[in-house]
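Read off the chains here:
Number of protein chains: 2
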Amino acid sequence: MNLKPLILASASPRREQLMNQIGLEFSVIPSDVIEDFSLALPPEAFTEHWAREKAKYVAENNPDTMVIGADTIVVLDKKILGKPKNIMDSFSMLQSLSGRTHEVITGMSILNISFGIDFTFNERTYVSFKTLSDSDIHYYIDNYNPLDKAGSYGIQDWFSVHIRQIEGCYFNVMGLPLSSFFSHYRSLTNYLNKP
Amino acid sequence: MNLKPLILASASPRREQLMNQIGLEFSVIPSDVIEDFSLALPPEAFTEHWAREKAKYVAENNPDTMVIGADTIVVLDKKILGKPKNIMDSFSMLQSLSGRTHEVITGMSILNISFGIDFTFNERTYVSFKTLSDSDIHYYIDNYNPLDKAGSYGIQDWFSVHIRQIEGCYFNVMGLPLSSFFSHYRSLTNYLNKP
Numbered sequence: 000m001n002l003k004p005l006i007l008a009s010a011s012p013r014r015e016q017l018m019n020q021i022g023l024e025f026s027v028i029p030s031d032v033i034e035d036f037s038l039a040l041p042p043e044a045f046t047e048h049w050a051r052e053k054a055k056y057v058a059e060n061n062p063d064t065m066v067i068g069a070d071t072i073v074v075l076d077k078k079i080l081g082k083p084k085n086i087m088d089s090f091s092m093l094q095s096l097s098g099r100t101h102e103v104i105t106g107m108s109i110l111n112i113s114f115g116i117d118f119t120f121n122e123r124t125y126v127s128f129k130t131l132s133d134s135d136i137h138y139y140i141d142n143y144n145p146l147d148k149a150g151s152y153g154i155q156d157w158f159s160v161h162i163r164q165i166e167g168c169y170f171n172v173m174g175l176p177l178s179s180f181f182s183h184y185r186s187l188t189n190y191l192n193k194p
Numbered sequence: 000m001n002l003k004p005l006i007l008a009s010a011s012p013r014r015e016q017l018m019n020q021i022g023l024e025f026s027v028i029p030s031d032v033i034e035d036f037s038l039a040l041p042p043e044a045f046t047e048h049w050a051r052e053k054a055k056y057v058a059e060n061n062p063d064t065m066v067i068g069a070d071t072i073v074v075l076d077k078k079i080l081g082k083p084k085n086i087m088d089s090f091s092m093l094q095s096l097s098g099r100t101h102e103v104i105t106g107m108s109i110l111n112i113s114f115g116i117d118f119t120f121n122e123r124t125y126v127s128f129k130t131l132s133d134s135d136i137h138y139y140i141d142n143y144n145p146l147d148k149a150g151s152y153g154i155q156d157w158f159s160v161h162i163r164q165i166e167g168c169y170f171n172v173m174g175l176p177l178s179s180f181f182s183h184y185r186s187l188t189n190y191l192n193k194p
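Residue numbers (numbering that gives the first Met the number 0), protein chains in the order written: chain A, 0 to 194; chain B, 0 to 194.
It is worth saying that the hints were derived from the structure and are not from the lab.
Watch out, some of these pointers could steer you wrong.
The list treats identical chains as interchangeable, and a pair is accepted whether it falls inside one copy or across any two copies.
With a Cα cut of at most 30 Å, we get these calculated DSBU-like pairs of lysine-lysine [said to hold, decoys possible]:
(1) K3 with K84
(2) K193 with K78
(3) K129 with K193
(4) K129 with K3
Bound-form chain A, shown alone (with noise of 0.2 Å):
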């Protein structure tokens, strides 16, 4: 396998996606870092934390090739909600964020063990839904897969006629916030470049 010089360290087709959007130039290694939900961490703190760790599980292997790490949750209450366990989960999860505005945290770490690079950030976004009925949250269950997805909803598929409005980047809902990313990745390359 020929390796591109940047690694996208994750198994999410979304931020695939993301990443092709942007033009970058990338090989997709997901990492085998199981998320551990009883970390007691500061959202924030505890998005960048597993970012790092899913970077760093590639980035070991690949030390001189810069790897991308992300993790996303969402946060009611306070509480963080990641991916549904089962359907009952997903139904529960989607009425608890019914006609409320929630926040979506996506960290991000870019790493590049040979130059020292180690770089950790987060973004947040505030999304409204508008007022669910148990036969939309059915629906959805039914005809889309809530399972692997924080929140329990996507907000790329048909679940966007629930989304009242967002404040902050949509990308980041997707999985990857495109814009502070690209700030960041963009700063670190002209760094390693410089001669």
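Assemble the complex: chain A is given as a structure, and chain B must be docked to it using the hints.
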């Protein structure tokens, strides 16, 4: 051609994609209406006027079918920006939007002549750009096609790296406010299906 029970009177591939995203069955029949930017109306009324003209154009030949028209504009300092006329116009539009917040307004029309449905609404989203360098603008114009986009940018392409934040419906910026459209469409459809 077998007509679906819903017609999108728009040539925009982005609107078609959004309608597909929420699982609607529809046919596409673009109107031949040419927007006249000299029309002296406030921005919201301007978009609703042209959305309705587009829908009406197609509905007149399809009186029994629900027809949807849409019109999206960018507003900066109370001035309406449509699609750029040429590359120079595109450059100066993007320069004027750099580092600032502008409004994107989409007007929508839902028409069904036989049933007397003639409904219009509009939705506004605030979009904040990062500061763009001249080379960022040149790169974008050279590699993408800004000429067919109101305000000269596509939020869903490479340009997304320059969107600092949005406030409101993201899909509205792509040309179709999914959440509010779906609400209105669903209530009108329920009304039609009442015995």
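Need the list of violated hint numbers for this structure, in ascending order. Of the numbered hints, 1 and 2 do not hold.
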